[in-house]
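Q: If you want the building blocks of each chain, they are given just below.
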Amino acid sequence: MTVDPRFYAPSGALTLEQIAELTGAEVFGSPDTEVKGISSAANARRGDLVFLEGDGKSAPDISAEASLFVVNEPNRKYLPEGAEGLVSPLARHVHSVAALKMFRLRHIDWSGELRIDATARVHDDAVIAPGAVIGPGASVGEGTRIGANAVIGPGVQVGRNCSIGPGATVFCALLGDHVTLLAGARIGETGFGVMASPHGLSDAPHMGRVILQDHVTIGANTCIDRGVFDDTIVGERTKIDNLCQIAHNVVLGRSVLVAAFGGISGSVRVGNNSMLGGRVGIADHVKVGDGVSLAASAGLFRNIEDGETWGGTPAKPLRQWMREVAWLQKQANPKKSG
Amino acid sequence: MTVDPRFYAPSGALTLEQIAELTGAEVFGSPDTEVKGISSAANARRGDLVFLEGDGKSAPDISAEASLFVVNEPNRKYLPEGAEGLVSPLARHVHSVAALKMFRLRHIDWSGELRIDATARVHDDAVIAPGAVIGPGASVGEGTRIGANAVIGPGVQVGRNCSIGPGATVFCALLGDHVTLLAGARIGETGFGVMASPHGLSDAPHMGRVILQDHVTIGANTCIDRGVFDDTIVGERTKIDNLCQIAHNVVLGRSVLVAAFGGISGSVRVGNNSMLGGRVGIADHVKVGDGVSLAASAGLFRNIEDGETWGGTPAKPLRQWMREVAWLQKQANPKKSG
Amino acid sequence: MTVDPRFYAPSGALTLEQIAELTGAEVFGSPDTEVKGISSAANARRGDLVFLEGDGKSAPDISAEASLFVVNEPNRKYLPEGAEGLVSPLARHVHSVAALKMFRLRHIDWSGELRIDATARVHDDAVIAPGAVIGPGASVGEGTRIGANAVIGPGVQVGRNCSIGPGATVFCALLGDHVTLLAGARIGETGFGVMASPHGLSDAPHMGRVILQDHVTIGANTCIDRGVFDDTIVGERTKIDNLCQIAHNVVLGRSVLVAAFGGISGSVRVGNNSMLGGRVGIADHVKVGDGVSLAASAGLFRNIEDGETWGGTPAKPLRQWMREVAWLQKQANPKKSG
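Protein chains in written order, with the numbering used here: chain A, 10 to 347; chain B, 10 to 347; chain C, 10 to 347.
Calculated from the structure, these hints are not laboratory results. Owing to the predicted nature of the structure, the values given are computational and were not obtained by experimental measurement. Treat the hints with caution; some may be incorrect.
Identical copies go unnamed one by one, so any copy, or any two together, can satisfy a pair.
As the list claims (entries may be wrong) - Here are the simulated DSBU-like cross-link-like pairs (lysine-lysine), alpha carbons at most 30 Å apart as the crow flies:
id, residue 1, residue 2
1, 339, 325
2, 296, 110
3, 339, 296
4, 325, 296
With the hints as constraints, model all of the structure from the sequences given.
A: Encoded structure:
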């Protein structure tokens, strides 16, 4: 995906040689080749710089258009024909240096006293409570209510008849119509991505967005991180309870229910009409089908097909988990069961 | 219970016929009968409209005064003699349409620049930090401190010598004296109640309140949802840690301790002097007695009598759980135990 | 440790006799001896008042300089030679009364309309977003960004090139350089410490601080409580995800990773380069070595040596836990395994 200029100000293309000078990485292909965008490998368009990292044991997902790469040695074998780019043992770090040079988060420079920025578009029939702050280029639709001391960041688009709770904060996000955020919801913060850098652990930059579709409800103090370079998406009529964590690049389908303390790790997919009980956790990259039920406090580490009901940690089919619970109780407590 | 006009502005009675016209439900009894209030079935007064939904397999809890019902077919058999009302397969939806027509949350219309509303009553000896916002009709008692950027919603009553933390938000709530809310606490948001509507999943309206009695302490970023039509109540000297979730209609007794990540689902009752370790979860409608201890990370799905100590998920008496843990360890690791 | 006057205004020394009059405790030693400071027993300097409480079955950790004590009967035997002080069955309560008489949290008195206090030192190159509030005596370094509606409390020191997220609140804390707090992070709130008082359960006062070293990142809505009388410390380049709870007096080493919903109880120590998966809980006073890994949803109640990998609840070495999980599954589901 292309970085959205509503949230990230582009500061011009870089040549591979310029990136090499900034980072010490080694160029392959033409040093004058220009990098015009930044992306994940899976969703790159021509001219976007992507990175491949890891031990090289499994083939990465690479878009057919991808042409410019930062790569470590073990992943060179996966480069498509005609690829150009840079080689470095710290491929993600090099990619990040280029990304941060080419794009600047607009809200980093947001300052001043003006509560509602002069360039924000707020509909006449929107209701803005005291202390709410609306950033440059943001948009608030008809009939929408922004609660007291809430924050709508630069470039954020809020549709019609939405309700943004008091003290909630929304950045790098597009909200449909009839979206409800309760108090203290945190939409569009950077995700938890830690990478190796020459100086030790560093935060990986996140340049994606959050998309909340129509009729989505997000509970109090729930966090929905923006994508790394792609989007975090919550589908129509999906309802998320208080104190949940939805990580970067997650895609939740339509009419999904997530009860309190739900924790959904990076890049998880959940199908339509699935139900997650309280305190359910799902490990990263797991795929959950449509119409799945996860019992309260399940910890899921594997993909689940449509229509299944699972529970336990590690999660397994509910009946199997219940059989294990009952069997253990009987075996370990002979007097009671005898 | 009657809807509290400090938080919900009444907009007049409706006849059964008017509700039928709005929703397509079918009237039984006199179409001209007026609905004057909205309530849960269990706590209705004469003239309140209540709903009965579900599969009808168990008898609902109905107040002796209840006279006006929205009901689905399977629950018609539970209607008391002389009942009037409406029939619909989406009984809760019909009830909600009427509720939202008859009462309007006051904070929906709160707007403007005034940090401390002209109609708020703030004691001269209260201390209001910069950025704090206090809504119409709210009251702040002697010696109470409102932290920076905190929000006290319309009609909220805060007693004497309370401390409201920075960035905390309080709506639809009555606070006693010496109540402490730490930073980012979310009091009185709408609960997680999802119902079927003609368009798909919808948020069920919540028109109850939160009551925090004297000397209650609520941790940072903890959420206490308001009741659906009744109250969520936290008893005197009960202390709740950070990042806990207390759902709608919960009643906690006096001097209860809830450690971090405690999750108490809707309509749970917890007796006096009970202690919940970190990350304890309790399923909805469960009743916990006085003086109960729940070990850290317990997941409770059943009622517990006074004085019991339980642990594990699903929770059971602590000794039994520990016996199972020890037995499993011994059986599965023969070398270590041999 | 000495109470930091940037956060707590000292109001003068008390004699033992004065404390006895306030509390009804009984003096031993000279009634005219002056108490000049307040501390934990383990880190007291000469002239600090400390307390010893509990059943006296294990010897408390007492600094060699400690000289002034509030003690209950069972702990009198641990008093060093020449000790003076007070005896009371509610030793911690008596100590708290003295502490609150001698020191007053500065932010309790913070009021007014001034968003950036006249006595705050904000570097010219810092960026302060709309609605942010900065208290008396606070300091914000070069290149640091304070997000919209964030709160920097009285006396808080924020270094250079930090990013304080929107709606975050920071009290009683010292932040190094390049520290990042995401939206809604709660730094320096009082911890969860409940003590017996003559009136029932009371909140124990916390007079310590939070120290966040260089390059620390704290996730959205994560809470880091200040120490009771000592400090809560997060080491250089340690990265903490959203919705975590770090309790009073915790010390995390360098480059520690804590994934979402991590819960670290009071006085826990975690060594350098350790990794905690999602939803890991650690019981109070546990010591975790360097380079330890804890699998997602582990509940740890025991100390762990360097380099270990543990999982499960109660946590044990990962291989052992997995063996138990596999064994139970096989035994309880004979058809599948047969």
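Q: I'd like to know which numbered hints this structure contradicts. Please list them from smallest to largest.
A: 2
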